[in-house]
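Given chain A, put chain B in place with the hints provided.
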Amino acid sequence: MYVYLADRGRVFSMRDRGRRLLADLRDEIEHDDELVLDFEGVISLSHSFADEFVGELAEQAARGKLPHPEVINAAAPIQKAINRSFRARGIADTGEHALPA
Amino acid sequence: MAASEQIALSATQRSGHGTRWGEDLILRPPPPESRLRLDLSKLGFVEPLYLLRLRAFLDWHSAKGTEVLVVPPRSTSVQAYLARMKIAEALPELCNFELPEVTAHDRSDVLLELTRLKSLIEGDQLDDLLQEVVGAHFEGDSAALTQPFLMAVGEMADNALSHGRGADTGAYVAAQRYEKKRLVMAIGDTGVGIPDHLREQFPHLTNDGEAIEEATKEGVTAARNENRNHRGMGYVHLTEAMTDAKMSSGSVRIWSGCGRYQFSVRNGQVFDREPSVTNERTAGTWVRVELSV
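Protein chains in written order, with the working numbering: chain A, 1 to 101; chain B, 1 to 293.
These are calculated hints, taken from the structure and not from any lab test.
Treat the hints with care, as some may be off.
Claimed, not checked - Short, incomplete list of chain A residues facing chain B, as computed with Cβ under 7 Å:
#: 1; residue: Gly9
#: 2; residue: Arg10
#: 3; residue: Arg15
#: 4; residue: Ile43
#: 5; residue: Ser44
#: 6; residue: His47
#: 7; residue: Ser48
#: 8; residue: Gln60
Said to hold, decoys possible - Example chain B residues on the side facing chain A (calculated, C-beta under 8 Å, incomplete):
#: 9; residue: Asp128
#: 10; residue: Gln147
#: 11; residue: Met151
#: 12; residue: Gly234
#: 13; residue: Val293
Stated by the list, open to error - Calculated from the model, a selection of chain B residues having no Cβ within reach of chain A, i.e. all distances over 12 Å:
#: 14; residue: Asp127
#: 15; residue: Gly154
#: 16; residue: Val192
#: 17; residue: Arg281
Fair warning: this is a prediction, and the values are worked out from it, not measured in the lab.
Glycine is no exception: its CB is placed at the ideal position from the N, C-alpha and C atoms.
Next up, chain A with everything else stripped away, as it sits in the complex:
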């Protein structure tokens, strides 16, 4: 499944928005073996949104419930927010902007 975030906006701030987006997409994601999150065109992602959407996706993937999200075309601040969420949840960093150990 391919999710182009910019189709839904270019600024994502609210934690609850991340929660609702995950709920909206969950049924489709569950029935697919792959998941790509394309952040091209996204200007900003708060850490709260990143944690509630991407972080939660990754944690559920780690438990085998969903496919692991592959993050592409994320600007450095966005990748950093995602990696910070992964780190807090005990998931390995991804992308070229991985946080230092």
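Relative to the frame of chain A, chain B by itself:
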């Protein structure tokens, strides 16, 4: 409502200045059956934080059933600012605040008009507004302010809406640009406030200023969440965005309960961390962020 007592409050010329905290706009119930008269006639300058506090003052007291009469500012520039920042839109019925007609509305310096958030869906609408703001204002030298601006508004608004939407007034946001290279934003709510919120988990934090300082540290409020899902990191991320950005300076000021906390950022470093305690207690949490290139 029969008014048995009129309580007068007055703003000074400097009340709305950035160095002030809007202390004269008291969010505390007046005696029963009294009404409030807020005299803004001497107000000489208004910044986003005072703007938010002013509107919250009107909404909060009106929600408690108190009539509020506002004497408008005499200064035409202050009148114009209040008008273009939409202070008097959709005022509650118990509030009487008439601004004189202002013909000149130069809006080039307005980043975000006074925006009130009462629901999570309105939080999504804030994202749409922020997107427009970035498209219209952040180019050239100002581009360096994009990420810290969005992070500040986004994280702080998320906090404010989470804590403030159950309150009488919700959350408020406004942002203003000065001389193209300096911007000031304010975010506030009349919810539970940081110190009382933290004391649910950390009862030893009896000093409100130090409690706010603790909230800016990684992992403090996250610890209270059984799911350990990364909550309570808003101030940490804001600080990081400011230190990461290629901007010349910035500052953050937070007022909640009786506590105040402020710090500065210069060339990627945090300075002048200063917790303090004031005699004037406020409802909720009020944050002012300044960024400069």
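For each hint, the structure was consulted:
1. Below 7 Å, beta-carbon pairs count as interface contacts, and Gly9 (chain A) has one with chain B at about 6 Å; its hint therefore holds.
2. Because the closest C-beta pair between Arg10 (chain A) and chain B is about 5 Å apart, less than 7 Å, the hint holds.
3. Because the closest C-beta pair between Arg15 (chain A) and chain B is about 5 Å apart, less than 7 Å, the hint holds.
4. With a cut of 7 Å, the hint placing Ile43 (chain A) at the interface with chain B holds, because the nearest CB-to-CB distance is about 6 Å.
5. At about 4 Å, the closest approach between the beta carbon of Ser44 (chain A) and any beta carbon in chain B falls short of 7 Å, and the interface hint on this residue holds.
6. Because the beta carbon of His47 (chain A) sits about 4 Å from the nearest beta carbon in chain B, less than 7 Å, this interface hint is met.
7. Hint status for Ser48 (chain A) relative to chain B: holds, with the closest Cβ pair at about 5 Å, below 7 Å.
8. Checking Gln60 (chain A) against chain B by beta carbon gives a least distance of about 12 Å; that is not within 7 Å, so the hint is violated.
9. For Asp128 (chain B), the shortest C-beta to C-beta distance to chain A is roughly 7 Å, which falls under 8 Å, so the interface hint holds.
10. Interface restraint check: Gln147 (chain B) against chain A, minimum CB-CB distance 5 Å, threshold 8 Å, status holds.
11. At its closest, the beta carbon of Met151 (chain B) sits 6 Å from a beta carbon of chain A; the interface hint therefore holds under the 8 Å criterion.
12. For Gly234 (chain B), the suggested interface contact is upheld, since its CB lies about 7 Å from the closest CB of chain A, less than 8 Å.
13. Of the supplied interface hints, the one on Val293 (chain B) is violated, with its beta-carbon coming no nearer than about 17 Å to a beta-carbon of chain A, more than 8 Å.
14. With 12 Å as the threshold on Cβ separation, the claim that Asp127 (chain B) sits away from chain A is violated: the shortest Cβ distance comes to roughly 5 Å.
15. Not every Cβ of chain A is farther than 12 Å from the Cβ of Gly154 (chain B); the closest lies at roughly 3 Å, contradicting the non-interface assignment.
16. For Val192 (chain B), the requirement that its beta carbon stay farther than 12 Å from each beta carbon of chain A is met, with the minimum near 17 Å.
17. The claim that Arg281 (chain B) lies off the interface holds: its Cβ sits roughly 28 Å from the closest Cβ of chain A, which is beyond the 12 Å cut-off.
Hint compliance for this structure: hints 8, 13, 14, 15 are broken, all remaining hints hold.
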